[in-house]
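Taken in order, these protein sequences are the chains called A and B. In terms of the working numbering, the first sequence has 32 at position 31, counting the first letter as 1, and numbering is strictly consecutive. In terms of the working numbering, the second sequence has 472 at position 59, counting the first letter as 1, and numbering is strictly consecutive.
Treat the hints as calculated values from the structure; they're not laboratory data. It is possible that part of the hints are untrue.
Partial list, derived from the structure: chain A residues whose beta carbon lies under 10 Å from chain B [said to hold, decoys possible]:
no., residue
1, ILE77
2, GLY155
3, ALA176
4, LEU184
5, MET329
For every residue, glycine included, the Cβ atom is placed at its ideal position computed from N, Cα and C.
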Amino acid sequence: MKQSASPAAPPAPVPARPRASRGTVVVVLAGLMLAAVTIASIGLGARDISPLEIVRILLHPGAEGYNGDVLWTERIPRTLLGLTVGAALGASGLIMQALTMNPLAEPGVLGVQQGAAVFVVLGILFLDTSGVQGYFWMALTGSAVTAVLVFLIGTRTNAGSSTIGLVLAGVAVAAVMSSLITLLVVRDEAVYAHLRFWSVGQLTGRGQFLGQAIPFALTGLLLALPLGRTLNLLSLGDETARGLGVRVERARLAGAAVAVLLCAAATAAVGPVAFVGLVAGHAARMLVGTDHRWSLPLSMVCGAVLLVGADTAGRLVIDHGEVQVSVMTAFVGTPFFVWLARRRDLVRM
Amino acid sequence: MPQTHVQRADRARSLGQASQDTAAELKAATAARLRAAHRAGRRRARLVTCVLVLVLLALLVASVLLGGVRRIPAGDILPAAFGMRTGLADYVIFRIRMPRALAALLAGALFGLSGALYQRLVRNPLATPDMIGISAGAGAGATTVLLFAPAVPFGTSLAGIGGAFVLVAAVLALSRRGGGVDTYRLVLVGIGLSAVCTAYVNYLFTVAGQHGIAQVMRWLVGSVNDATWEGVSTLAGALAVCGLCTALLGRSLGSMALGDQLALGLGTRVGAARIATLLVGAAAAALATSVTGPIGFVSLISGPIAVRLVGTDRSVALAVPIGAVIVLGADVLAQHGPVISPVPTGVLTALLGAPYFVWLILRRRQGATP
């Protein structure tokens, strides 16, 4: 972020709001996309259910029948969970990118989700934790510890630029964390297989966690919404923000806390899913520009669309069984990551 | 006045003579000092190599002997190690422990070699096969063949090499920008592409049948648990071939360290030598990965340790025994360490290597070469 050299000409306090017409277009478009993936996620799956039948089941919630069961106990909760988790990851990614001023920042890339996973495993093994509620508090602790660790290492590296330092720190911490997970569970084959399954983030069979996950995710999302203005001010640089009356450290801490909360809620519910925050954050900024009051809500929508879309696609790409959503997001997110890494301004020596 | 002039000229001449003498002496002294340093370096390298070989032998013995050999008569152990006994001794020592120990040793040597080659070539300690995604590519290729076409002879090794070459080509192509390859971009692109390969192997894990799960698990966390003699012979062959190629490339590597212009002046075909080095390094990492799975951070830490012990010139050769010591030591610890054992070998190398990696990115001065 550039700061104005001359004190006499301070930079514009906040980036200009997008023109009203464009804002409307983006909002309508986002709503349409959201509706489209929701309908697709409810309507498409391994079991073919005709659209008419689906409408009939939706209109008569009490009706009996196997198709009704599939819809009400599996697909609808799964879709709602996907929307919630996707929104949480999207917002978390955008806040992390804004706070670190690092285009590659994201809870998965920085290893924060792996840290959350380690603590969940610790909880399962030693504290008899079960259910999303229990997972959540462990995941929250793990995310916070890991985020602090990665940030401390990442800002002190000598790796050319802090962008790369943070990513390298994330890779190293993630490696340690996943080794710790293996170390903790390797002696029990059954637990190992189960956790391996959990540590590949997916939505399969997590529908029942919806009720437990919603409160945490919604709290995080509601806390995130008013952050837009603060993030705008912080993005002007510490000096300017301080001059404009922002308590920089406190604002940073609040933003980071919300990002960690969102990441923990998502990870506790479905396991680590990387790249959603990365892609959602950038997509939102591409659509409405750098004003975080607009891009933050939009990053939630983008995250939800991406996660539910990837999950639905994962159900359809192979005939029997399905591809986990985290595998799908990796295939979507990596080209994006590589494209970002190739940007000229990213690698500064 | 003329007298003084002559005297002055005389004095100047004698002074010139003296300075020429001192220059010659200085030159000779410097040359002698350089020769002495070279000799000292060689002596030191020899000493370090001897120590490493002794450590390796001790680790080999420990790896074969540790853990319940009481039921095997002491006199049977040595013959059994060479396949000259039958029954329990043969089974435990020759079929399980020897291949495991040798696979760890050879794979470590290959990881060390490939890491040192890449670090030397790119002149950055971060540019190792596991950081830029080569091991992940090899793992993805090898796992695919192992699950879907297990009967193909040498299938996993060949698919591992194939995956590694595809990945190295992709990483190089994608990180090229404005005519040059930036190390950090190389590492970032590699991190991205390894994420895809890891996701793919993760996916295979969930579709693999009961039998396949153990196999895929090995590619998620490297391990020498199920090493066989076939694996050992693959690794030994790989080490022989890659070692030979490295020896042939040694001179070019040395001159390329002086910079491309000087290397060209010295008659090195820089482009060809660079591609050859990349391929040898990728093949070494791929073959080791195809047998043991990705044993992380070994290629990263072997090179810098070698540099610290004997200096840059001899580091590539020394990284080979250092890698072997690291993996064999980690494997002995993984099998018999107190509290933690048994764990996959890759867990230990990651737990030891990642903090070192953090230290490396924290401490490295800009522009420092490995």
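**Prompt:** Which hints from the list above does the structure break, by number from lowest to highest?
**Reply:** Of the numbered hints, just 1 does not hold.
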